[in-house]
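Residue numbers (full-length UniProt numbering), protein chains in the order written: chain E, 1 to 99; chain F, 1 to 524; chain Y, 1 to 280; chain H, 1 to 648.
What the hints contain is simulated information worked out from the structure, not anything from laboratory work.
One thing to keep in mind: the hints can contain errors.
Residues from chain F shown here face chain H by an in silico Cβ test under 10 angstroms; the list is partial [to be verified]:
hint, residue
1, Ala67
2, Trp68
3, Ile69
4, Lys391
5, Met467
Computed list of lysine to aspartate or glutamate pairs in EDC-like fashion (alpha-carbon distance at most 16 angstroms, straight line) [claimed, not checked]:
hint, chain 1, residue 1, chain 2, residue 2
6, H, Lys213, F, Glu293
7, F, Lys516, H, Glu584
8, Y, Lys96, E, Asp93
Please read all numbers here as calculations on a predicted model, not as lab measurements.
Ideal Cβ placement from N, Cα and C applies to all residues, glycine included.
Listed below are the residues making up each chain.
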Amino acid sequence: MNPVNYLYLAALLFTIGATGVLIRRNAIVVFMCIELMLNACNLAFVTFSRMHGNLDGQIIAFFTMVVAAAEVVVGLAIIVSLFRSRHSASVDDASLMKL
Amino acid sequence: MSFPLLTATAVLPAIGAVATAAVPAARRTAAKSLALLVSLATLALAITILVRFDPDGGRYQLTESHAWIADFGVRYELGVDGIAVALIALTALLMPFIILAGWHDADPLETGSKRWRPTQGFFALILGVEAMVIISFEATDVFLFYIFFEAMLIPMYFLIGGFGDRAHEHGEEAASTQRSYAAVKFLLYNLVGGLIMLAAVIGLYVVAGNFSLQEIAQARANGSLHMATNTERWLFLGFFFAFAVKAPLWPLHTWLPNAMQESTAPVAVLITAVVDKVGTFAMLRFCLQLFPEASKWATPAILVLALISIIYGALLAVGQRDIKRLVAYASISHFGFIILGIFAMTSQGQSGATLYMVNHGISTAALMLVAGFLISRRGSRLIADYGGVQKVAPVLAGTFLIGGLATLSLPGLAPFVSEFLVLVGTFTRYPAIGIIATFGIVLAALYTLVLYQRTMTGPVKQEVSAMPDLRARELVVVAPLIVLLIFLGVYPKPVTDIVNPAVKSTLSDVHKKDPKPEVEAVAK
Amino acid sequence: MSAQLAAYSTSTGEAFQFWVLGTVAVIGALATVFMKRAVHSALSLAGTMIILAIFYLANGAYFLGIVQIVVYTGAIMMLFLFVVMLVGVTAADSLKETIKGQRWLALLCGLGFGVLLLAGIGNASLKDFNGLGEANANGNVEGLAALIFTKYVFAFEITGALLITAAVGAMVLTHRERTERAKTQRELSEQRVREGKHMPPLPAPGVYARHNAVDIAGLLPDGTPSELTVSKTLRERGQIRDVSAEALNDLRALEQRAEERLERTPIDPANLKRAEEASK
Amino acid sequence: MENLIALLVAAPLLGAAVLLCGGRRLDAVGQWIGTVLAGASFVIGVVLFADMLGKDAEHRILIQHLWTWIPVESFQADVTFRLDQLSMTFVLLITGVGSLIHLYSVGYMEHDERRRRFFGYLNLFLAAMLLLVLADNYLLLYVGWEGVGLASYLLIGFWQHKPSAATAAKKAFLVNRVGDMGLSIAIMLMFTTFGTFAFGPVFSHVGETGEGKLTAIGLMLLLAACGKSAQVPLQSWLGDAMEGPTPVSALIHAATMVTAGVYLIVRSGAIFNAAPDAQLAVTVVGAVTLLFGAIVGCAKDDIKKALAGSTMSQIGYMVLAAGLGPIGYVFAIMHLVTHGFFKAGLFLGAGSVMHGMNDEVDMRKYGGLRKYMPVTFITFGLGYLAIIGFPGLSGFFSKDKIIEAAFAKGGTEGWILGGAALLGAAITAFYMTRVMLMTFFGEERWRNQPTRSPEAASAEPAAEHHGEHAEPHPHESPKVMTIPMIVLAVGSVFGGAFFSIGDRFLHWLEPITGHSEGNSPLSAATVTGGTMVCLLIGVGIAYAMYGRRPVPSVAPRGSLLTRAARRDLLQDDFNHVVLVRGGEHLTRSLVYVDHTLVDGVVNGTAASVGGLSGRMRKLQNGFARSYAVSMFGGAAILVAATLLMRAV
């Protein structure tokens, strides 16, 4: 099998995640989809690192994870506060440019 | 490194503007006097330029050149040829009169009206316009010119939109809405023109690699810079469009009547006598020098448009009911003459056109300012509201008549010289167009005399019966202009001597020679 | 190991693993998107991530693989679940679209984008795979460490700062200042008396001999269930079991059994079954 | 000597400047300043004349170059004066008659509070007219040309509070402008043809260019002449010009300005000689106008308008003569001079009559005035005899010569033109006799009837001290008015004889205009006889109609021709319908077009942009997800673009 397939998989996952972001209204699920996209990228990175035979790709993936972690923390916090103010986690309820 | 005279001339009014704006709100008169002083000082500098300029010297004199934006080859390059000198002199000359005429235009309205008129702002803006106009006359770097050509719009916008006539037939509200309409119209028209020009400027840079007028013109002249025919034509059109809007040339003229109608008389003079001149001046300096071939290619179309402007403007002037609109359309007709002269590509035509710019500035100033005094007295712009003024205010009527006669270019007054030169210059190359353009002088007589008859003669209207005659301040404004009109009409040689060499070199840039007469009657 | 990593085409073992797990991963991803309940989405996402972790390992990114499991599946997904709990697992939000044409547009874009990506990868020249042989020669973790602390040290430091900031930010965002003092027991009871409702403690859930679940509403004298008896959380989640028909079902089941013994009628398993069902 | 030439112009110009800028403090002495400066100019003229007589014919041309006016490459216009016999003649006429009329005005305008300005305008006119005749090139001539136009505008509209006056002034200026157009085009043609427009070079090189060009130039010059000299088809302004004060009518619209056209044609003789077609056109215009004016003159009851018609017709004679070429130039000028005398005299007489009649202008309300204003009667009578060409008086000589010349043109043209001239002579005799009889003879129709026809009401403030609305008390005018009349009468009696005895005038002008005897089919005696006959017929008819029968004080309806003639042969109706109406409609429609079409396009664009943005706004629905969609789509498009670029 050709390792390129990993890339195909990554692309597929990424697209699925993106579509999810567009379709779902629940902020948490949307967030998960974003995570999915990040992971797809990571997979691609790792594959590339294998392709080029050096570890930089993995490093990037590593940083991505760290950043993702930070982002998740903040994002979830935002969701929570949003829920508090609106008693709903639907992104459509935040259609006004103010809380 | 000698004293940067040109920079000083442009910077002085700019500083003056800031200073005027900084005067505390209470000290209104101080601000006015300061503005007046600055404009006079600028005039002094302009006269110095006039003296230091040597007509038989090089093409561009008193040049200054400093690197500015090295990456794009933009330089701070100033230099004046005869044409520029004449126009700078005109600008600096008119400013004191404009300021003096607008002395009370920006005073706070009587109690009861909510509108507050920032006097300082009014005069600061006027000085700002002066600075920008002067530097755009001086700039020999296309980019530098473009910047100020555009920046001019900002103060003009506020002058038009912010300060209208004191009284208005439909009340203050209607007045302000119409004013803002006029101001926005002015801004949009010129911005569109400027935008297209910007594209052309960038295109020019892509083609030529720098913005220096002199370098490019030289390269064009000695053929080291070759432009593809179509490229040159597109660039030319880009430049010309902006200038034609500014000038204004039919059918891009409709902003002018609104702007002049809604703004106070001094601002109207500022628009038509000073700012618009930048457009025609730029045609002469940039269009012809940068794109000689394209200019020649476009000449027929432009001549026809100019012809339309002449006749059309005059006819519409006849049909106006509003004094200021009438003057505006008259100006459109006159700008038609100027453009006609420029693109006739004869030395008579172009010298005439340059002379025309100067004379039209003075004559319009005279006519419009007197009209402004008249309007401020009666509080109406409608011709029908006047009648028999000459009975109650003979001096006002007399000056008005002289201004009108100058507008219809009566021999003996300055505009005649330029108009006749333009006509001759056109006729020698395009007889038919010359003859049609001549009809303009009949129409000019028509609208001027109709205006005079309706407003000044006939039985005295009730409303004007108590109208005071010209006051001292107003006389001080008008008298010098009239003297100047007569002087330049009788002895225009000083101006032509300055202008002719510049025109000669411009013509050599476009490789055009005056047509030879059929019979050599005068021994060379 | 490294040898096969270096190889251009992978071993059949890896191929097999890829095809099986890849499919699962895709299914998990789809599930994440299309599951009604957030919880289910979270779980399926976790599954996908684990599979990705395995793929990392397969690609010679041992460290990342572990980190993926520990950080993502372990920490982040748990965080998600916590939030789900916190927000309250409201009755599943419908997938019905509210914005006109949004879904179709989204699917169209997704499809187009995906196709484009695949096409891009397809005609990209990705022939030679050097593999990580020498890169991982003296250990993958050591290799990474060497890079992180030399070449990428600044980035590393900055991510550290980022993490701190994120933590603080999260606190700031979620922390709510208490404006007034918490009410004491006494005050609460007084308030209850003042409002004049539920003077006594709330009734206990209905409990039968065969049942001791908390999600069963107690019956009022007229036999209708009373919401009050079930705890608030369950009530909000709509997880209340209705047992009002319980007694009748049992009775019917009793009768049937009696009749079987007395062999009055042939047995009707369907009935019986229903009865059993109902009684469950 | 030549340095004096500038002074000729400078003196009245100075007067104009002083009087117009001087302000009220000069009101008291204004009229005298004006008169003295006009007189000074006349004196200078006489001095120069004497000096000129001292030289022999070759050296009589004086050139004074003042300064270079408009120098642009090959276009060189100088301010240069040229004083030769031709311009000398005019200088004397202008300054002489001018001074007299200044004097007359002192009395006539005595009670007008804007008198100072009046004299300022008169001086301005003198300066412009002198500039016109002294100019050495066409452009400078053009300055004078329009200058006199301006002066006439100001003077016709002097009583601006009268709308009719203001309108008349405007009309005069506009019609003249049309003529000026012709002049300026002619100048441009000269510049393109000869590279100059100075008299000397142009005339000396006429031979080197084609006849077509010259004809064009000639026709343009003719157009200019028509405008200034009120020749058909640009004649319509002269009648209305009578709205001005009577001295103005005498000086500008009879003696001097209106003859500028003749001067122009004679001055450009070299061009016309080389362009026969243009010459023919000139003669035709002249012939038509002399009949036209004469017919109009017959029908007018307003004494000034009648005289205006006569002026038109007399100038027709001059133009006709000028069109005949070298045969006629001299006589054109001669008639011009004599006409200057007697027509000015007639107008002053008319003014004096009006002065005595509360500014009544309707001849039907005159009658039997001879015993009340004898001096006026005598001077007017002499002028009358002169104009109809009574043997021995100036008109006789000059007009007779023109008729001879017309016949001398030869061929059918000669017969037609000559016939027209003869007919004109007859009609002249008729209408002048009519004027004479209606004014000074017959019963006194002005007794016991309301004076001052309403349209003439408040006409001349000079009347305000006479008892208004009372019966007029005809009286002789003061000396200051009668003296000029007497002088002019003398001139009109002896001028002709003085000029033609021994062909003085011919020899005087010949060096400039050249002269040639045509081959006349008729002997001079025959022509004179014919003229006498026509004269007698005209007088006879007039006497039969107005001398024997009493004149109705309200005009009878009259024949169709009469009514048409009263309306100036419908010229104004034509102008009104064709030009005024048409122009108004044109301008109105253009205003509409400008507002809706030219401006509408712009506003339409603006509106459409506004609407478009309004629609675009709907995309901004605030839902993060739809933004995300557009973002995602954008990303997709970018990827596609990238791939495409790589593919290409």
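Each hint, compared with the structure:
no.	hint	result
1	Ala67	37 angstroms, violated
2	Trp68	36 angstroms, violated
3	Ile69	31 angstroms, violated
4	Lys391	6 angstroms, holds
5	Met467	15 angstroms, violated
6	Lys213(H) x Glu293(F)	33 angstroms, violated
7	Lys516(F) x Glu584(H)	42 angstroms, violated
8	Lys96(Y) x Asp93(E)	15 angstroms, holds
Going down the numbered hints, you'll see the structure goes against 1, 2, 3, 5, 6 and 7, while the others check out.
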